[in-house]
Amino acid sequence: MKLTKTILFLLISLHFGCSSVATQSSSEPRYAVSIDLTQVKGDKVPVSVRPPAIKQGEAIYNMPKIVPGTYSVSDFGKFVSEFQALDKQGKPLPVERIDTNRWRITQAQNLDKITYWVDDTFDAARRQDVVFEPGGTNIEEGKNFLLNAFGFVGYFDGLKQVPYELTVTKPEGFYGSTALQATSSTATADTYNVPNYVELADSPLMYNKPDTTIVNLGETNVLVSVYSPTGRVTSKPIADNIRDILEAQRSYLGGTLPVDKYAFLIYVPERPGKSGSYGALEHSNSSVYYLPEMPEERFNSTMRDVAAHEFFHIVTPLSIQSEEIHDFDFINPRMSKHLWLYEGVTEYFASHVQVHENLISVDEFMLKIREYIFSSMAFNDTLPFTEMSAKVLDEHEKEYGNVYQKGALIGMALDIQLRDLSDGKYGLVDLMQDLAKTYGKGKPFKDDELFDKIAELTYPEIRTFFARYVEGNERLPLAELFEKVGVRYEPVAVQLVNSYGGFVPGYDREADKITVAEADDMDEFGKQMGFKEGDQLLAFNGKEVTPMNIRDIIGEELQEAKPGSKIEITVGRKDAKGLVKPKKLTGKVTPVKREVLHLLEPVESPTDQQLRLRAAWLNETLP
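According to mature numbering (1 follows the signal peptide of the UniProt record, and there is no 0), the sequence shown holds residues -21 to -1, 1 to 602 in order.
Since the hints were made in silico from the structure, they are not lab data.
Be careful, since some hints might not be right.
Claimed, not checked - Under the rule of at most 27 angstroms between Cα atoms (straight-line distance), these lysine-lysine pairs were calculated in the DSS-like manner: (1) K556 / K506; (2) K463 / K432; (3) K253 / K23; (4) K522 / K563; (5) K23 / K70; (6) K44 / K188; (7) K57 / K20.
Quick caveat: nothing in here was measured; it's all calculated off a predicted structure.
Work out the full structure: start from the sequences and follow the hints.
This is the structure we're talking about:
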């Protein structure tokens, strides 16, 4: 999940195992792969791959062009050099590089192993080679190695489903953080066994001197691992901060989780990466984060929101996945039509779980829904979502961000529709659990059959919903849907609100303060208070103002103040010497008429039916 705006987006889990000696037998063909992190040369590490026995005279080795969850071309073959194919006597076999990501080996029946060096993506020399960091690779000798397996290991045509045994040789004192269970681990090497390449590409590892904390969630152990060069961000506060959201997700999913182990791998850089983005990438049993240092309160809030999304990917695609994901083509992938499910439902769950489990208020949840509506307006709202998903790599690449906006709204709409049809007894989370029972890991669904299967599991009306609003080009009937749960929705409304001044707000990164960026168009209250451009907002009626609580202060405390009552706002203002000094501004609370976009508020006199559905939807207690 990308954060530069930020859309945080997503992937699956990795396995590294390796062996300097082939351990395969004729009855059990497998790859034996070695990655040596102790032999770094120019930010490159050596990789050795012993494949299963190859009988034909020609074999093609592939490095991924595209990997699941990124929806963009990465071309990991760009980072491979000194590629060699060797027979059992160590003599080279003929090799032809077909294109960026593929090598053709002739006399392949004599192949014993291939060797090559891998450069990291974090330090890509050319702009066009930059990879979004959570889906990339890092090689920092003596410091950190971020191993997304697809950046180091490939597969031979026809042998993608063969098991892998991979060994990572590690520097002294380094620990490998991963969701994988090592089959053997010593002070110098770890070995892992993986059933096939898709799962290998779905299990990231991070090697560095350990900073880890374990969170126990029933029968699931959650690993939180942090690499922070400055040491200012550590694993324990993060683990303590996300514990309640993880507990809430377990409760939300019925008390149990479909994984035994999950890993949060968190890289906190000292300076922005070459992609210019921050965010995360999800995997089935883990997620990788690339987040900047920031004040602890903001870091915790960001981490909670992102972690809530990424963790829910244990449902999709771990428990529910299409054939396109299950047997992903890393060179020429076919994209699933169901990004509304993979990303949209996941994003909706990440917000809905917080109100359902009483971690946020209903008002805060409604603000999140408003943000989805606002943000979705930047995209083509009449483009069928299934068409966008299927063509997201090319024709509709610029529409991808809408999976986190309108995709979440589709999830919400489906949830309300199911609640309405079942009189509150059946919702979207129930549907996901039924789909997991119907399909489950290792049993993918056919893309063209999913909507019919969902209708079969639920109600015929749901098939019409998909036809009109997901396959079709009709806009979601938001007003009608919200009405079912006793919420009034107006795309444009006029309200009387207490003014904050009407200035254009800004942000002073160094001071970590909200500022008055532009004061030319302030309203009467702003002029009365005497705000000036460059002012830092320090306190509201004696309460400190921060970027984290500004929304609560303006949206709640100010709005609850009685018109005409006294108000005091302390600002930081530069004096003649350029020093910022506190200055108290006083005035009276002043209501003004404001045009409000996408208003969401409770209906004034809800019916019993509306109250029942709203209570079922938001887990509220009926009056």
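Taking 27 angstroms as the top limit, are the C-alpha atoms of K57 and K20 close enough?
-> Holds - the C-alpha atoms of K20 and K57 are around 17 angstroms apart, at most 27 angstroms.
Are K556 and K506 close enough, with their CA atoms no more than 27 angstroms apart?
-> holds (25 angstroms)
K463 and K432: Cα distance at most 27 angstroms?
-> Since the Cα atoms of K463 and K432 sit roughly 25 angstroms apart, the hinted pair holds (cutoff 27 angstroms).
K253 and K23: Cα distance at most 27 angstroms?
-> holds (18 angstroms)
Within 27 angstroms, alpha carbon to alpha carbon, are K522 and K563?
-> Roughly 13 angstroms separates the two Cα atoms, so the pair holds.
Given the hint that K23 pairs with K70, does the C-alpha gap stay at or below 27 angstroms?
-> holds (23 angstroms)
Agreement of K44 and K188 with the hint, judged by alpha carbon distance not exceeding 27 angstroms | violated (31 angstroms)
In this structure, the one hint that does not hold is number 6.
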